[in-house]
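Q: Protein chains in written order, with numbering that gives the first Met the number 0: chain A, 0 to 352; chain B, 0 to 352.
What the hints contain is simulated information worked out from the structure, not anything from laboratory work. Glycine included, each C-beta is placed from N, C-alpha and C at the ideal position. Errors might be hidden in some of the hints.
[Claimed, not checked] Going by beta-carbon spacing under 7 Å, a handful of chain B positions derived as facing chain A: (1) Trp4; (2) Leu11; (3) Thr30; (4) Pro37; (5) Gln43; (6) Ser46; (7) Arg55; (8) Asn99; (9) Leu119; (10) Asn200; (11) Gly230; (12) Arg233; (13) Asn236; (14) Asn239; (15) Asp244; (16) Phe246.
[What the hints assert, rightly or not] Quick look at which bits of chain A chain B covers, simulated, 3 or more residues with Cβ under 8 Å: (17) 51 to 59; (18) 90 to 103; (19) 209 to 215; (20) 319 to 329.
Protein chains: 2
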Amino acid sequence: MSTFWTDTVTRLTPYVPGEQRSGENIIKLNTNENPYPPTPAVMQAVSALSGDQLRRYPDPESVELRKALAAYHGLDVNQVFVGNGSDEILALAFLAYFTNNKALQFPDISYSFYPVYCDLYGIEARTIALEADYTLELDRFEANAGGIVFPNPNAPTAIDVTLSAIRALLERHTQQVMLVDEAYADFGAHSAIELIGEFPNLLVSHTFSKGRSLAGLRLGVAFGHPQLIEGLQRVKNSFNSYPVDAFAQVAGIASVQDEAYYRSTVDTIIQTRNQTVTELQQRGFEVLPSTANFVFARVPQTAGAQSATALFNTLSDAGVLVRHWQKPRLDQWLRISIGTPDDMRSLMHCLDA
Amino acid sequence: MSTFWTDTVTRLTPYVPGEQRSGENIIKLNTNENPYPPTPAVMQAVSALSGDQLRRYPDPESVELRKALAAYHGLDVNQVFVGNGSDEILALAFLAYFTNNKALQFPDISYSFYPVYCDLYGIEARTIALEADYTLELDRFEANAGGIVFPNPNAPTAIDVTLSAIRALLERHTQQVMLVDEAYADFGAHSAIELIGEFPNLLVSHTFSKGRSLAGLRLGVAFGHPQLIEGLQRVKNSFNSYPVDAFAQVAGIASVQDEAYYRSTVDTIIQTRNQTVTELQQRGFEVLPSTANFVFARVPQTAGAQSATALFNTLSDAGVLVRHWQKPRLDQWLRISIGTPDDMRSLMHCLDA
Numbered sequence: 000m001s002t003f004w005t006d007t008v009t010r011l012t013p014y015v016p017g018e019q020r021s022g023e024n025i026i027k028l029n030t031n032e033n034p035y036p037p038t039p040a041v042m043q044a045v046s047a048l049s050g051d052q053l054r055r056y057p058d059p060e061s062v063e064l065r066k067a068l069a070a071y072h073g074l075d076v077n078q079v080f081v082g083n084g085s086d087e088i089l090a091l092a093f094l095a096y097f098t099n100n101k102a103l104q105f106p107d108i109s110y111s112f113y114p115v116y117c118d119l120y121g122i123e124a125r126t127i128a129l130e131a132d133y134t135l136e137l138d139r140f141e142a143n144a145g146g147i148v149f150p151n152p153n154a155p156t157a158i159d160v161t162l163s164a165i166r167a168l169l170e171r172h173t174q175q176v177m178l179v180d181e182a183y184a185d186f187g188a189h190s191a192i193e194l195i196g197e198f199p200n201l202l203v204s205h206t207f208s209k210g211r212s213l214a215g216l217r218l219g220v221a222f223g224h225p226q227l228i229e230g231l232q233r234v235k236n237s238f239n240s241y242p243v244d245a246f247a248q249v250a251g252i253a254s255v256q257d258e259a260y261y262r263s264t265v266d267t268i269i270q271t272r273n274q275t276v277t278e279l280q281q282r283g284f285e286v287l288p289s290t291a292n293f294v295f296a297r298v299p300q301t302a303g304a305q306s307a308t309a310l311f312n313t314l315s316d317a318g319v320l321v322r323h324w325q326k327p328r329l330d331q332w333l334r335i336s337i338g339t340p341d342d343m344r345s346l347m348h349c350l351d352a
Numbered sequence: 000m001s002t003f004w005t006d007t008v009t010r011l012t013p014y015v016p017g018e019q020r021s022g023e024n025i026i027k028l029n030t031n032e033n034p035y036p037p038t039p040a041v042m043q044a045v046s047a048l049s050g051d052q053l054r055r056y057p058d059p060e061s062v063e064l065r066k067a068l069a070a071y072h073g074l075d076v077n078q079v080f081v082g083n084g085s086d087e088i089l090a091l092a093f094l095a096y097f098t099n100n101k102a103l104q105f106p107d108i109s110y111s112f113y114p115v116y117c118d119l120y121g122i123e124a125r126t127i128a129l130e131a132d133y134t135l136e137l138d139r140f141e142a143n144a145g146g147i148v149f150p151n152p153n154a155p156t157a158i159d160v161t162l163s164a165i166r167a168l169l170e171r172h173t174q175q176v177m178l179v180d181e182a183y184a185d186f187g188a189h190s191a192i193e194l195i196g197e198f199p200n201l202l203v204s205h206t207f208s209k210g211r212s213l214a215g216l217r218l219g220v221a222f223g224h225p226q227l228i229e230g231l232q233r234v235k236n237s238f239n240s241y242p243v244d245a246f247a248q249v250a251g252i253a254s255v256q257d258e259a260y261y262r263s264t265v266d267t268i269i270q271t272r273n274q275t276v277t278e279l280q281q282r283g284f285e286v287l288p289s290t291a292n293f294v295f296a297r298v299p300q301t302a303g304a305q306s307a308t309a310l311f312n313t314l315s316d317a318g319v320l321v322r323h324w325q326k327p328r329l330d331q332w333l334r335i336s337i338g339t340p341d342d343m344r345s346l347m348h349c350l351d352a
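Only chain A is shown next, with the shape it has when bound in the complex (with noise of 0.2 Å):
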């Protein structure tokens, strides 16, 4: 606290990431990171880079990235944007779209940083409860109100909405910006992009940090209607004119264009998730169905069993850090990234001890 804060400064309550922990012994599932590094080809990229292209700025529009990933998904360079990771990017999305003197809506259990906008910005939010079983039905958002923003698959449930369900609520919802956060759509769920053409309020944001195993890159990327890339663009151009460095622009791209790489690093997490998936539930979890590199575990309620405090508290003490939230709803469960083999395999040895 400080009297040179301002009211805005003072009223935030900042998003806090999970634990960075690091150590020999540590198995790290709190991040949803990737367990597999990227392709070599990213360091390959970044290690060519001369002195000469360090010295320089950056190109402020990164237009080499957003060509591989337009030529990627079938758009055009004007239908992307890029930016300073997926947060970035939902950062100036929501300046760009939902100061609108309008009530946002976005699920009640959600990513977290979507409060701490609107708080930011002064945005009103209205929260859309999750069904008893942690679904979320589209169909409770108001149609016009001041936008819609939602993770698919949600976060930290890790349960997706289908394509046909999200067409529904554009057909209704057509007057200001919807968000689709596809920061987990890596691993199974059907991605939005290709509802941009018809819909020019629908805005879809991924991530480098997790199918493409590049969190410390800090990437994100946005696609939609030129308009809405456009207006990303002017809100950018009045925040900071590069925000995506000489390193990151390489990367991204040795990134893109290594589909082999890619693919098989994702479907070996999608095969270990739906084994841990099983063994979780041999074990007495309830598990909500998963289409991202991370499961929603409801711990076991039969008597005697530790509660998901005392079980998170255990894990930890014993090197396995997985995610825990004290809130209604959540405060059984627990969130577990998909590592590697071994990783879910030292997890089960500790669940079992």
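With chain A fixed as given, assemble chain B onto it according to the hints.
A: Coordinates of chain B only, in the frame set by chain A:
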């Protein structure tokens, strides 16, 4: 223009960076880049990063980099904040400290991003006119208005103000934040960092893009009282938790730790600048006293001489890029970045032709 743009997006006039034309024979003296590459230690540090480090989120608080900067400047780590370029730091600082419903004061001829931030956040801008000789008279700032921001040295004039003048202003202006933007202070201006301990409302910003030859990396720094730094952290963690990627964190440390290389590069640029001033004066230019890595020069006003616009175009056609503004008091001037001695010889040959 789009029906989905908010009023904010529609009213913005984004910042326009200098042209990033590239090619074999281009002499690029238009964006104040360093003509020398960064220390080789930077690429060594970057190339040593493993895929395992890239797949993980970077330290959201960049503690090791901030420790290196704190040690370099004789500060505590909680007096140091880092961001994705000094533009991001300015953007966060304006949001943190100047959205207080009072007018923000800055020079009328200054960094053209300041009015853009005001527009983005709805901050009232009050400009202070430079004197007839283009110096900034700090006495003209009203004490205890909504805040003060100015570059030292100023851009595009390259003229600095003294530390005693800054101290005198801080003694009068105690109720709101004063931000001294030292993007170009590597090249001779007296840094205000040494006043941080005395004045809890003083924030000083630096960049790695100029003296440290790392414009491609996007790394900026702010120094101030721990409570001011905490305010920036609160806004940062409500906007984008991880703005500084893994490459930038290790590269920044490598740069800070190679003082000999930094000093040698900066000293060479200062020598070239002094030589350039002499040669421009010999050709009839009026050159303002520069403590930056650029000079601001008025084209000869003699009969038959080219106007600044014509000369700008002539130079551009010859592949020598400088910066020119079609604005009152600036339109007869060119801003010329200091390149290598060879770059400056090429400029002089073009001027003589």
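Q: It remains to establish, for every hint, whether it holds in the given structure.
A: How the hints compare with the structure:
| no. | hint | in the structure |
| --- | --- | --- |
| 1 | Trp4 | holds, 5 Å |
| 2 | Leu11 | holds, 5 Å |
| 3 | Thr30 | holds, 6 Å |
| 4 | Pro37 | holds, 5 Å |
| 5 | Gln43 | violated, 10 Å |
| 6 | Ser46 | holds, 5 Å |
| 7 | Arg55 | holds, 5 Å |
| 8 | Asn99 | holds, 5 Å |
| 9 | Leu119 | holds, 5 Å |
| 10 | Asn200 | holds, 6 Å |
| 11 | Gly230 | holds, 5 Å |
| 12 | Arg233 | holds, 5 Å |
| 13 | Asn236 | holds, 3 Å |
| 14 | Asn239 | holds, 4 Å |
| 15 | Asp244 | holds, 4 Å |
| 16 | Phe246 | holds, 5 Å |
| 17 | 51 to 59 | holds (count 9) |
| 18 | 90 to 103 | holds (count 7) |
| 19 | 209 to 215 | holds (count 4) |
| 20 | 319 to 329 | violated (count 0) |
Violated hints for the displayed structure, listed by number in ascending order: 5 and 20.
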